[in-house]
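Going down the list, the protein sequences come from chains A and B.
Numbers 1 to 728, taken from full-length UniProt numbering, label the letters of the first sequence in order.
Numbers 1 to 152, taken from full-length UniProt numbering, label the letters of the second sequence in order.
There's no promise every hint is true.
Each computed DSSO-like pair below joins lysine-lysine, with the alpha-carbon atoms no more than 27 Å apart [to be verified]:
| no. | chain 1 | residue 1 | chain 2 | residue 2 |
| --- | --- | --- | --- | --- |
| 1 | A | 580 | A | 570 |
| 2 | A | 219 | B | 76 |
| 3 | A | 559 | A | 574 |
| 4 | B | 143 | A | 243 |
| 5 | A | 213 | B | 40 |
| 6 | A | 630 | B | 40 |
| 7 | A | 630 | B | 9 |
| 8 | B | 9 | B | 68 |
| 9 | A | 90 | B | 85 |
| 10 | B | 76 | A | 213 |
| 11 | A | 192 | B | 9 |
For the record, the hints were derived by calculation from the structure and aren't laboratory data.
Now for the letters of each chain:
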Amino acid sequence: MEQIKNISRRGFLKGIGLASGGLILASTVYSFTSFDSEEEISSEFNPNLFVQLNADGTLILVASRSEMGQGVRTSLTSVIADEMEADWDKVMVKQATGDSKYGNQNTDGSKSVRLLFQKMRQMGATVKTVLITAAAKSWSVPAAECKAENHFIIHTSGKKIGFGDLVDLAKDLEVPEKVALKSPKDFKYIGKTLPSIDVVNLSNGSAVFGLDKRIPDMKYAAIKHCPVAHGTVKSFDKAAALKIQGVIEVVEVPKINKAFGPLGGIAVIATNTWAAFKGRDALAVEWENGTNASYNSENYMETITANVHKPGHVEKSVGSVDDAFSSANKSIEATYQLPHLAHAPMEVPNAVVSVSGDTCEVWAPVQSPQAARREVANFLNTDQSNVTINVTFLGGGFGRKAKPDFVVEATAISKAIGGPVQVVWSREDDIQHSYYHTVSAQYMKGALDSNGNVSGWLHRFAFPTIGSTFKAGSNLPQAWEARSAKDVPYDIPNMQIETGKADAHVRIGWLRSVINIPHGFAINVFADELAHEAGKDPLDFRLDLIGKDRLQETKDAYKYDTAKLKHVLKTAAKNAGYGKPLPEGHEIGLAVHYSFYSHIAAAVEVSVKDGQLKVHRVHMVVNCGTAINKDTIKAQMEGSVIFGMSLAFYGKITAKDGVIEQSNFHNYQMLRIKDAPEIHVEIVESNDKPTGVGEPGVPVIAPAIVNAIFKVTGKRYRSLPLSDHGLV
Amino acid sequence: MITLKINGKEHEVDVDPTMPLLWVIRDIIGYTGTKFGCGKGLCGACMVLMDGNAVNSCQMPVSAMEGKEIITIEGKTENLQALQKSWAEFNVPQCGFCQSGQLITATSMLNNNPNPSEAEINGNMSRNICRCGTYTRIKGAIKHCVEQKNKS
Ligand code: FES
Ligand code: FES
Chain A
1 MEQIKNISRR GFLKGIGLAS GGLILASTVY SFTSFDSEEE ISSEFNPNLF
51 VQLNADGTLI LVASRSEMGQ GVRTSLTSVI ADEMEADWDK VMVKQATGDS
101 KYGNQNTDGS KSVRLLFQKM RQMGATVKTV LITAAAKSWS VPAAECKAEN
151 HFIIHTSGKK IGFGDLVDLA KDLEVPEKVA LKSPKDFKYI GKTLPSIDVV
201 NLSNGSAVFG LDKRIPDMKY AAIKHCPVAH GTVKSFDKAA ALKIQGVIEV
251 VEVPKINKAF GPLGGIAVIA TNTWAAFKGR DALAVEWENG TNASYNSENY
301 METITANVHK PGHVEKSVGS VDDAFSSANK SIEATYQLPH LAHAPMEVPN
351 AVVSVSGDTC EVWAPVQSPQ AARREVANFL NTDQSNVTIN VTFLGGGFGR
401 KAKPDFVVEA TAISKAIGGP VQVVWSREDD IQHSYYHTVS AQYMKGALDS
451 NGNVSGWLHR FAFPTIGSTF KAGSNLPQAW EARSAKDVPY DIPNMQIETG
501 KADAHVRIGW LRSVINIPHG FAINVFADEL AHEAGKDPLD FRLDLIGKDR
551 LQETKDAYKY DTAKLKHVLK TAAKNAGYGK PLPEGHEIGL AVHYSFYSHI
601 AAAVEVSVKD GQLKVHRVHM VVNCGTAINK DTIKAQMEGS VIFGMSLAFY
651 GKITAKDGVI EQSNFHNYQM LRIKDAPEIH VEIVESNDKP TGVGEPGVPV
701 IAPAIVNAIF KVTGKRYRSL PLSDHGLV
Chain B
1 MITLKINGKE HEVDVDPTMP LLWVIRDIIG YTGTKFGCGK GLCGACMVLM
51 DGNAVNSCQM PVSAMEGKEI ITIEGKTENL QALQKSWAEF NVPQCGFCQS
101 GQLITATSML NNNPNPSEAE INGNMSRNIC RCGTYTRIKG AIKHCVEQKN
151 KS
């Protein structure tokens with residue numbers, strides 16, 4: 001259970017003299033003890049900063065996490081509103097600035113709801129209790145005779161008073177020590193379907209994304225980065241750029257050798273984005289490309305493949321795989337190769353920054369506003385309190401916008417030109433200078449005994465680690481990057497997980513579902529290969545492989561639950577009509593994966609006609625504990641299917657002499673509507689703690705497709721994308 | 001000076017005549033609902049209606065826009081508004097960034113073809129990318145919109 005320690009209570013609510021006469025519950029300071037090892041918890045967290053009730057009844061709820069399409073502004077605030085018994089129509093959502101007083105705001109790792117659910121409930125319940133107390137006092141009745149309902153406090157006698165009318169009375173009341181939470185069966189918004197609070201603004205052009213922010217005197221800037229990662233500027237000539245109509249000046253952006261530091265380059269500042277882009281194209285820059293100019297992805301794949309074809313560093317060993325292989329009835333091996341990927345959020349990286357003297361204001365689409373604040377303050381050598389990070393809507397993030405290098409770039413430029421500026425990356429910049437999803441080679445070897453059961457499992461992988469972005473030279477996976485392979489809950493007596501070396505030659509970063517993409521792929525495809533080798537049905541075989549119901553021992557607070565894993569797999573298969581007659585030439589492929597503490601399975605129906613793959617239907621089944629907003633979960637699964645299909649069909653970033661060969665959507669393609677399948681989502685009913693939703697749907701898609709293709713064609717595709725194999 | 005008619009209003013702009021309409025709309029005139037996604041005519045984020053038909057505004061030099069009736073996502077047309085209503089009912093947007101373009105393409109399609117088939121929807125709407133993957137909902141919302149219109 002998450003532990004909340006109340007370390008500093010002033011014991012009463014203090015109304016803050018707002019012009020609106022509102023009540024801000026702002027005096028309770030909690031500190032959370034660390035309950036999740038992956039999470040840095042800030043020492044200061046003021047939950048009631050999240051709730052502002054105004055005298056007119058409007059309720060302003062603060063969203064502390066960034067909105068990038070995952071619906072967090074709706075889901076988190078609806079939890080407060082539910083416990084408060086507030087009327088959803090009276091709710092307005094305010095986006096928090098980047099500030100540690102809101103607790104951790106890193107919007108990644110599919111953890112916003114998982115980590116904040118209980119806290120948001122407590123906030124809502126606290127406010128409700130205070131309002132009940134206020135009403136009871138004014139009526140001189142016991143609080144126990146009052147209840148909250150739809151924005152009113154109602155007494156057993158039938159008299160009622162609106163939340164807004166209680167603001168003044170509530171201002172001086174004590175904050176209750178303990179509050180009771182609702183029983184899940186009484187939830188009004190939680191577990192239901194609420195449309196996004198922003199749906200109208202997101203459909204009429206009025207939502208302000210980072211790219212849409214305009215402030216007086218703002219200039220536009222485009223940056224020419226070194227084509228090779230971590231190269232530097234040798235010299236540049238700005239004359240031609242300055243001749244472009246609208247170009248104002250040209251400045252150098254420093255390279256800062258930190259994980260989120262700017263890559264460095266030459267910035268062209270102009271009166272509009274177009275002029276900045278044109279000026280940037282006109283620049284003549286000589287680069288010192290540096291050591292990464294030797295990076296050729298084809299050779300690199302050979303290198304890491306060789307590294308997994310020899311013994312590696314043992315991460316985990318159970319029983320003896322050597323014995324298993326020597327006594328096996330049959331052994332099979334397979335090598336899987338997946339390329340780099342770029343996030344390519346629809347909205348490119350961008351930021352508006354206005355530096356003036358010691359202070360700085362930022363408007364940017366950032367997933368980690370506190371990291372942006374810290375980096376900007378460091379750059380300006382000023383205190384973080386002088387830096388304001390306004391979080392705009394994010395036009396997609398997928399992990400890219402968790403790295404605020406582009407915010408520091410804008411800061412450097414604003415400082416250099418002495419005025420506000422908007423940095424805009426082009427799509428080419430975005431695809432060629434990303435923090436790439438890792439490239440990987442994985443070798444697997446499996447032993448089958450005479451009954452066709454798996455008696456040995458060796459999984460060896462090599463990929464450049466995200467750790468290399470934080471510590472240059474790191475070339476072995478970090479512990480958490482090995483976990484999704486190590487913790488696989490297969491009931492196999494002899495298992496060994498090994499890692500091989502891989503040096504990084506580009507910035508490596510996390511991308512939606514991260515290392516679960518390669519691990520989920522290899523594990524699911526290899527299980528299917530073993531089933532075939534054993535002459536068994538892939539579904540039955542996999543259920544046997546998972547084995548009896550148990551909680552897999554892991555270091556996490558949450559555990560793999562093999563019963564849940566089998567249940568989602570069986571349900572997906574059943575929903576898809578697995579085993580039943582299908583249209584001629586159609587087959588169903590299966591995959592199941594546990595990540596971000598959610599158990600998810602996919603059953604994908606495909607056909608291959610004239611060598612062309614078509615994905616007809618995808619059935620997803622997700623067990624993510626308590627479902628907060630069913631429609632959001634469904635949308636995230638739909639999105640994961642498309643994201644997973646894009647990477648399976650087309651996703652491939654390659655480098656030649658250190659230069660990324662892809663540049664825009666013509667050679668880094670995305671799935672389009674004509675190839676989108678029918679998608680069905682089943683959410684398993686559960687009262688368990690909520691777990692991740694935004695990412696864990698992705699890893700099952702590619703392997704399920706590959707497994708289905710095998711059933712149709714008898715061909716096993718062990719590398720992606722499928723466009724390389726001429727299938728799409 | 002170039003005179004543009006956008007959402008029924010005339011704007012005089014003094015810009016490089018080769019500047020794409022997209023940037024004139026966003027940076028000079030200041031309607032930011034029309035988005036930049038690729039700058040190469042590949043993604044559809046920048047779609048606007050030109051005399052009722054969807055065009056990638058990143059590919060249209062502003063000089064060619066004189067005398068044309070431009071409608072952006074901020075504008076109002078019967079089909080656009082009907083689609084927006086349907087978009088809300090289906091809770092289509094995720095991040096929302098591509099949705100201006102999606103809605104403009106869909107509007108253009110309905111302007112030219114009030115009863116598009118599944119294949120026609122696929123064909124027309126494949127001009128637009130949605131990285132968040134809202135395709136099933138886009139399709140559902142378009143079909144629903146057509147049904148509603150046929151009912152009334
Ligand atoms: S921005 Fe015009 S098509 Fe992509
Ligand atoms: S809703 Fe995000 S790109 Fe379409």
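Hints, one by one, checked against the model:
1. With a CA separation close to 14 Å, the supplied pair residue 580 (chain A) and residue 570 (chain A) stays within the 27 Å bound.
2. Taking the CA atoms of residue 219 (chain A) and residue 76 (chain B), the gap is near 30 Å; set against the 27 Å cutoff, the hint is violated.
3. A hinted pair counts as satisfied when its Cα atoms are at most 27 Å apart, and residue 559 (chain A) with residue 574 (chain A) qualifies at roughly 25 Å.
4. The suggested pairing of residue 143 (chain B) with residue 243 (chain A) is violated, with an alpha-carbon distance near 51 Å, which exceeds 27 Å.
5. A threshold of 27 Å between alpha carbons decides the hint, and for residue 213 (chain A) with residue 40 (chain B) the separation of about 23 Å falls inside it, so the pair holds.
6. A hinted pair counts as satisfied when its Cα atoms are at most 27 Å apart, and residue 630 (chain A) with residue 40 (chain B) does not qualify at roughly 37 Å.
7. Distance check on the hinted pair: residue 630 (chain A) and residue 9 (chain B) sit about 42 Å apart at the alpha-carbon level, beyond 27 Å; violated.
8. Among the hinted pairs, residue 9 (chain B) with residue 68 (chain B) is consistent with the structure: their alpha-carbon atoms are about 12 Å apart, no more than 27 Å.
9. Distance hint between residue 90 (chain A) and residue 85 (chain B) is fulfilled; the C-alpha atoms sit about 21 Å from each other, no more than 27 Å.
10. Only pairs whose Cα atoms come within 27 Å are accepted, and residue 76 (chain B) paired with residue 213 (chain A) is accepted, the gap being roughly 23 Å.
11. Annotation: proposed proximity of residue 192 (chain A) to residue 9 (chain B) is violated, straight-line Cα distance about 43 Å (limit 27 Å).
Of the numbered hints stated above, those contradicted by the structure are hints 2, 4, 6, 7, 11, listed in ascending order.
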